[in-house]
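On the provided structure of chain A, position chain B as indicated by the hints.
For reference, the chains in residue letters:
Protein chains: 2
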Amino acid sequence: MKGYVQVYTGNGKGKTTAAIGLAIRAAGAGLPVFFAQFVKGMKYSEIGALERYADLIAVRQYGRGCFITREADKEDVEQSRKGLADSAEALKTGNYRLVILDEACIAIHYKLFSIDDLLQAIDRRKADCEVVVTGRYAPQELLDMADLVTEMKEVKHYYAKGVQARTGIER
Amino acid sequence: MKGYVQVYTGNGKGKTTAAIGLAIRAAGAGLPVFFAQFVKGMKYSEIGALERYADLIAVRQYGRGCFITREADKEDVEQSRKGLADSAEALKTGNYRLVILDEACIAIHYKLFSIDDLLQAIDRRKADCEVVVTGRYAPQELLDMADLVTEMKEVKHYYAKGVQARTGIER
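Taken in sequence, the protein lines are chains A and B. The opening position of the first sequence corresponds to residue 1440 in this note's numbering, with each subsequent residue numbered one higher. The opening position of the second sequence corresponds to residue 1440 in this note's numbering, with each subsequent residue numbered one higher.
One chain only, chain A, in its complex shape:
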């Protein structure tokens, strides 16, 4: 099976959620998965839920929370770069059939690492390794090299009504 590059971007709900679904589907078929999450750092419900698949899904978080109320600092950069290095390793070893870089587009948007570094890691992957990259603001270079791109487009969102993120539903 040849591995492709899938990108889930756009401003709508469902990108990380779809990445979790992809990890579960792969695990259901017995495929080993490396799930790297950038920027976000909290142990969200979905991260906890994946513990039941610890035999097939390796989950790593490389974030310290989002940048809505603060600037990215040196430690954010270091964490993200470590995440990219670990992902690059996971992509080329052949130990994983699916490598997910959740919120990597956001990491690039905040200049935690460069698009060139990401593309190089993807480019050096083992041939049968499928790659999934998620996050808003996917750079054009990533879209160009991707085999599949889905834009999650927000048509209507209850956040506009003032609904806060709820445990078990959004996080």
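Be careful, since some hints might not be right.
Identical copies go unnamed one by one, so any copy, or any two together, can satisfy a pair.
To be verified - Lysine-lysine pairs mimicking DSS-like chemistry, simulated, CA-CA at most 25 angstroms apart:
no., residue 1, residue 2
1, Lys1521, Lys1565
2, Lys1600, Lys1441
3, Lys1595, Lys1441
4, Lys1482, Lys1441
5, Lys1513, Lys1479
Derived by calculation from the structure, the hints in this document are not laboratory data.
Then chain B, alone, in the frame of chain A:
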């Protein structure tokens, strides 16, 4: 927690995948989930994967496969209606905090049940029950009553290159 109505529609990859992710996230928070899948009937990898969460996620399939090569018949209609009746029950009992009607929009598109029947079931749900409806061709009436709508928009897809659905990745 008040329950909302979420819709994932559009022609892009990621709708059922996101629904699986939502089920996993809810389970990770200990919320009981009813996952009804319409139209599709095969035991896909993701359906098998959910078995590890059988204590929290009840999975029911009400389909016999898609209608690309055949017409919907009486048995398809019966199965789908049973699925809608079971879902309506799950929505109102209070036994579930999240009820997912995967591919229900497709069931409506093929006239296996009506949009009015779906809206009535959703309308009669217990107040804290979150509802997720997926599938292409979401009817306008559903979009109108939804609190959140994400359109999964296909920007690029490898099926166009002749790639077949692969076990563990698409199914």
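Do the hints match the structure? See the list:
no. : hint              : result
1   : Lys1521 / Lys1565 : within (20 angstroms within a copy, 46 angstroms between copies)
2   : Lys1600 / Lys1441 : between (44 angstroms within a copy, 13 angstroms between copies)
3   : Lys1595 / Lys1441 : between (37 angstroms within a copy, 18 angstroms between copies)
4   : Lys1482 / Lys1441 : between (32 angstroms within a copy, 23 angstroms between copies)
5   : Lys1513 / Lys1479 : within (16 angstroms within a copy, 48 angstroms between copies)
In summary, this structure violates none of the numbered hints.
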